[in-house]
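J.: What follows is the residue order along each chain.
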Amino acid sequence: MTVIEHDNLLFHGPDWDFGTIQRIHDAVEAIGVGELGLDVYPNQIEVITAEQMLDAYASIGMPLFYKHWSFGKRFALHESSYRQGLMGLAYEIVINSNPCISYIMEENTATMQTLVIAHAAFGHNHFFKNNYLFKEWTDADGILDYLEFAKGYITRCEERYGHAAVERVLDAAHALMSHGVHRYPRKKRPDLRSEERRERERQLHLEQTFNDLWRTVPTKGAAAKPQLSEERRRALLELPQENLLYFLEKSAPRLQLWQREILRIVRQISQYFYPQRQTKVMNEGCATYCHYRIMTRLHERGQISDGAFLEFLQSHTNVTRQPEFDDPHYGGINPYALGFGMMQDIERICTKPTEEDREWFPDIADSGDAMAVLRDVWANYRDESFISQFLSPHLIRKWRMFHLVDDPDRPELMIEAIHDERGYRRLRRSLSRHYDVGWSDPDIQVIDVDLAGDRRLILHHHVLNRTLLHKDDAQRVLQMVANLWGYAVVLKEVEPATGAIFQEHVAHPHETLF
Amino acid sequence: MYIIDRRLNPGGKSLANRQRFLRRAKAQIQRAVRQTAGDRDITDLERGGEVSIPADGVREPSFRRSGEGGVHDHILPGNKRFVEGDAIDRPPGGSGGAAGGDSGEGEDDFRFVLTRDEFLDLFLDDLELPDLAKRRVATVETQGLRRAGYTVTGSPVNLALLRSMRNALSRRIAMRRPKSEDLLRLQEEIDRLEEQEGPSERLTALQLELEQLQLRTKRFPYIDPIDLRYRRFEPVAKPVAQAVMFCLMDVSGSMTEHMKDLAKRFYMLLYIFLTRRYKHVEIVFIRHTHEAKEVDEETFFNSPETGGTVVSSALREMQRIVEERYSPDAWNIYAAQASDGDNSPNDGATSATLLRDVILPVCQYYAYLEVGSDSDRMQTGFINHKTSLWQTYETLQVEGANLAMRKVNHRREIYPVFRELFRRRDAEAGARVP
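Here the protein sequences line up with chains A and B, keeping their order.
Sequential numbering from 1 applies to the first sequence in my numbering.
Sequential numbering from 515 applies to the second sequence in my numbering.
Honestly, the hints are just simulated from the structure, not real lab data.
Bear in mind that the values here come from a model prediction, so they are computed numbers and not experimental data.
Careful, some of the hints might be misleading.
Unchecked claim - Restraint ranges, calculated between C-beta atoms of paired labels, are given here: (1) A:His508 with B:Arg937: 33 to 43 Å; (2) B:Leu522 with A:Gln22: 12 to 22 Å; (3) A:Met371 with B:Ile517: 25 to 35 Å; (4) B:Lys540 with A:Gln203: 29 to 39 Å; (5) B:Asp519 with A:Gln84: 24 to 34 Å; (6) A:Arg254 with B:Leu529: 30 to 40 Å; (7) A:Phe18 with B:Gln728: 51 to 61 Å; (8) A:Arg400 with B:Asp623: 33 to 43 Å; (9) B:Ile517 with A:Arg254: 44 to 54 Å; (10) B:Leu673 with A:Asp212: 49 to 59 Å; (11) A:Gln503 with B:Asp623: 24 to 34 Å; (12) A:Gln475 with B:Asp623: 21 to 31 Å; (13) B:Leu529 with A:Gln203: 22 to 32 Å.
We put the CB at the ideal spot given by N, CA and C, even for glycine.
Can you make the complete structure from the sequences, with help from the hints?
T.: Written out as structure tokens, the structure reads:
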């Protein structure tokens, strides 16, 4: 009897080899796909060392990336804190690509590898493949090819125009990265694979149609251009525009082609990461919930030993720990804890609802099939909508949440809501807003520019809650915008309701830079 | 599913990023390196290490809300006693409320680790060896090999396959060596004729032709020894700049451990510097009391000696060694002398003459480092206290010899003095080159 039980175990002790990884993957797949009904991209699991993990950290986790000093800075930072033992490394990094690449560290024990495979190669993978935001905004098939192209393109630019010139464009583009996304779908889906071809064709066309004679053709002189109405002018430039990088790429009058292309590259990458920023709680919640279910099931089936299961529980509880607000370790709400808590709560509502749940969640209470509900949730929500829909009174009470408001006009901090009947909905609404990137990122838009006149670019920051921009940073970024734009730029911080202007920043371009 | 083992992939993927980062923050890092170097041991210097630079220079700005002003709200877990409508006093200090730490990276210094090479590069970056003009002349030749066309003889490893085959091809064409497909076609034709018709006139003619062609094939082989070409290598003399460094030190009783320590630091610094400028550096240690001796490093720094002080003995020893082993035509000669400044009264003139007429003309650079004790640092400003050796050398310097002299009392003065001695003198260097 014992012999059979032994044979059933996937591994003994902490050591593992590639055979073990394969067995683990197959067992996890049997549960993940077979029992939980996950739908995943094919997996590609790559074993790496700690140093390579640090490398990957530096380039936002991507296996290949263009070169920039800020990545070197990040690497130096991580390296020194890792060497001093201030920071542990993540157990894994997973990339939203097809096949889905998961990096696992060679130092991990066999249990940890099982956890990592369940978490990343199935949990995250399912989320990447099925969530509507990722489907809409990212191109898992093309991302690696595109990064390859981006890297090559920027290297060629460096060779041709010099490191300093490329660095200046990249610096500026990085500063605007969070304002370089389209928040609403456009007509055409970005097809990353055709990007390279498009760029090559454009270049080729320019070279083929180049004719020096055109330069010598006398112009008609200043032909009186028809005065465009202000409305028409804005419409032509697609104003107002909140995607600053897009606007600069398309409309900045003095940029070279290659500079536009670099802006485009940074914009595409920013867009690729946009869904990740909006789904942190759900993504981690999904992965954590999956690994928890899968590990528990493996243990029930006798495929991992009691010892391994305890080891797993130890790191699982570490990850999903939520310190209370007065704890010295408190650093905001832990997305793993919140996500996992909510997923488990949904499972509870589906299987063992209370009267309250039936009242709050009539659609899913008593549905019985928690996985079907969760799969639907993972596919169709983002953090903001997920929380505003599914944060239950039960969980609010369990976490003992409260809403604190800091209004500088009042001498004291106010408690606006706590976990009681009056507070549930208000708490839920406020929390969900915290996860709305449209709300948490400052809302900055290109409002107007007179291309025929002084070409002064006018940006507005729609101030929310009377919180202005960080002044020093805003001035620096604005300087970069001015350099890209080539003419003066003004940024007004405006109260959207009244139109009152709180503050104005102005920057003039350095003529020498571009 | 695929499992890929990436552990053997070459590391250092972000090396290029790192170089860009160092270049970006070069000025600040350099300043930091200088500062750290001051309070470090030389062995530490060799190791590289942590530096910290102001975070401002490598800031990545973005449009973000400032933490001050405006209404902030927080959802916090772990309520214990609050009820709705409670007012809480603001926590002292932060105006941002309970979750004030979300302003991204701190504004304090940015700390990171430099490798040894990076550290030394930055540390020695703007230093230059004085009088490098001679370096171009004073070279030693080593033999190296260089590709030089093709040859008809050679060893099989150097066979130039492409060139040989090309030769063979042109020879075969020139000699009209029958092609194998022609032979094959002929043979087939003959076979067919034999089968179908039996002997005929045409058959014999074809057979004859085939025979001739085969003969020709044999006579002109596919590849022939005369086709072969070998890559030829030519020995060339490669100039290698090399340097010898003479360390002269007074080890008489008056030199305390502290002084020796100062001297040692200086020598090590000089050594590190020279090894980065020259491929090949040799060091000669000469210590002297009233007589001089060439010793190894261990003895030089450690074993005690007693006796009087006669500086010229060391100079003579150096002269002997230079004549014997280091011809000034082939070597860049540097000398650094450390002493507490004592010299026997009747030796001053001898030393001066020796130095002026023999030593300085063969040297690229002669540095004299006067080491004092920690305590007499105070006096230097007020009392014009000059040691006998200092006075001797001063007269030489006035005459315009390439002699540098500095006085050092404390460990932390070593680096500034060193930097001063080897500061890049652009204007002078420019004048000297033509």
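J.: Determine which of the earlier numbered hints do not hold for this structure and return their numbers in increasing order.
T.: Of the numbered hints given earlier, the structure breaks none, since each of them holds.
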